[in-house]
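Dock chain D against chain U, hints included.
From first to last, the protein sequence lines stand for chains U and D. Under our numbering, the residues of the first sequence are numbered 1 to 314, in order. Under our numbering, the residues of the second sequence are numbered 1 to 270, in order.
Honestly, I wouldn't trust all of these hints.
As the list claims (entries may be wrong) - Below, computed lysine-lysine pairings styled on DSS-like, alpha-carbon distance capped at 27 Å:
| hint | chain 1 | residue 1 | chain 2 | residue 2 |
| --- | --- | --- | --- | --- |
| 1 | D | Lys191 | D | Lys237 |
| 2 | D | Lys215 | D | Lys237 |
| 3 | D | Lys150 | U | Lys245 |
| 4 | D | Lys170 | D | Lys135 |
| 5 | D | Lys260 | D | Lys237 |
| 6 | U | Lys299 | D | Lys150 |
What the hints assert, rightly or not - To be clear about the criterion: a stretch of chain U counts as covered by chain D if any three or more of its residues have a C-beta under 8 Å from a C-beta of chain D, and this derived list gives those stretches:
| hint | stretch |
| --- | --- |
| 7 | 179-190 |
| 8 | 279-293 |
Calculated from the structure, these hints are not laboratory results. It should be emphasised that the depicted structure is a prediction, and the values quoted were computed from it without experimental measurement. Don't be surprised by glycine CBs; every beta carbon is placed ideally from N, CA and C.
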Amino acid sequence: MNIAQLLNQMPGAVAQGLIWGIMAIGVYITFRILDIADLTVDGSFATGGAVAAILITNGVHPWVAVLAAVAAGMAAGAVTGVFHTAMGIPAILAGILTQLALYSVNLRIQGIGTDLGSRANVPMSINKYKNMLVSLRNVGQFTLENPIWLMLLMTAILIGAMYWFFGTEYGCGLRAVGANPQMARAQGINTGTGKVAGLMISNGLVAFSGALMAQYQGFSDVSMGRGAIVIGLAAVIIGEVIFGKLFRNFALRLLAVSIGAIIYYLVIQVVLWLGLSTDDLKLLTALVVAVFLAMPHWKSRIIPRKRKEAGQHA
Amino acid sequence: MREEPMLVLRDIRKTFHPGTVMQTVALAGASLTLNRGDFVTVIGGNGAGKSTMLNAVAGTFPVDSGSISIAGREVTHLPEHRRAVLLGRVFQDPMTGTAATMNIEENLALAARRGEKRHLRWGITQKERALYREKLASLDLGLETRLGSKVGLLSGGQRQALTLLMATLKRPELLLLDEHTAALDPKTAEKVLTLTDQLIRENELTALMVTHNMKDALALGNRTIMMHEGRIILDLKEEEKRSMTVGDLLEQFEKTSGRKLDNDRMLLAT
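The shape of chain U in the complex, shown without the other chains (with noise of 0.2 Å):
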């Protein structure tokens, strides 16, 4: 085992962590602020990627393709919220739902211009389509080039624009639809719309990181999102874990997920290092999560509720 050749997959490990980030970001916002598990999220984040790599290799500005990524994503959640709030569908339904819909939908997306008029990926090598906005053959160099630097800057941006947009009038509302339903009506607010504006965001949150995505690896995969919550999932609880106690404030919550991500990917080299078999990542991180989500339950079994006993005394 050599040490160097870790060392050497660490940069990747960071950039691969901040895109994945700010999905996990999008994962945060349905799963903690709206209390509802997305599982719209491993469509989305294929349709993100799909939609990028179809524009950027038809001569579209990756900008603008990334943007068009974070509207079809948008829609994606709409998709989902409509099935919940207006069909009645369980949450966890209408997302699955969503997600197979989007299997076939990113397929014909990538197949744009194809005589199939289906494709199951996109190439787009960054030595042709040089104007990508990171691409992970740049993740090693000490220069501007880095993916590392602009993604950096976006995940900064972003989790500024979340901490703005949650301390809003409106945002401070869709929290509340998140924390107790009941009141939110109480107090005036739509909680099927909150709902649908919530998976809204959270999913063009996550196809704005798989058009990422597809650029930094040069490729569209309609796979691409396969156990894309659970990765999100990962990132939120290791946030958690580590600074929980630490991070009080939103801005550094959402930081948290951020980090959470990288660490995610961090470990994921070391273990791959240490000699597991890729084909094997996804059990165990399907586990690692697993314990991970048992915690509050066994916490609550074990320790006694010290917080709640004092709360019965008025």
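Relative to the frame of chain U, chain D by itself:
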């Protein structure tokens, strides 16, 4: 000029789970008119339809038939969140009225904008904070120094007092109190009740308060109504109320309904 009644319920009917073994007639033609400034206490046995009536007014579910108007506005077919502009509500469970994961000032700011369009401007202003501090200080619970504390850290009594403040922060046309002291210990319940009476008087509110405490029902407000099997069977005006004891009230109930009053939580102490 004749003044508009603050609440008019006309022959409200509601059956839950119709056509199943769980079918329950919760409201069987309830009619009620509240004038401006009325503070009405509501009593009745288990399943008499007290909470259901309040929830029908709030729009938690659509009614089967009948009509509801609040402050002259026909609201029978309006969803819950669109009626909120007219209503202040405090629930039985202290957890229901506030958002536990948000802090005190955020909860208040949400309530200050009840029923208004929520814009993309900052959710709480400095000016508001000063007002909230002042209002919280008047509760005398020490909450004025804890604006940034999560509501989940408060006790049940503190949460109920906060919910009460939230319900009246923006003046409601009608205040709905659904056994809001039932989950509190007697001392705290008394405190919250005093605060309720004080807020209603100060703001000259119209209120509908369900209670399980017969003594409170007689002591507070200017009217007491008694419900039985989804209908209002007794409506006591101020003068009648004043001369009445809990014993008289029980007797009245038995006479009108033809059976003894049963309410698990009813406090019969005089």
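Checked hints:
no.: 1; hint: D:Lys191 / D:Lys237; in the structure: holds, 26 Å
no.: 2; hint: D:Lys215 / D:Lys237; in the structure: holds, 16 Å
no.: 3; hint: D:Lys150 / U:Lys245; in the structure: holds, 15 Å
no.: 4; hint: D:Lys170 / D:Lys135; in the structure: holds, 12 Å
no.: 5; hint: D:Lys260 / D:Lys237; in the structure: holds, 23 Å
no.: 6; hint: U:Lys299 / D:Lys150; in the structure: holds, 21 Å
no.: 7; hint: 179-190; in the structure: holds (count 11)
no.: 8; hint: 279-293; in the structure: violated (count 0)
Checked against the numbered hints given earlier, this structure breaks only hint 8.
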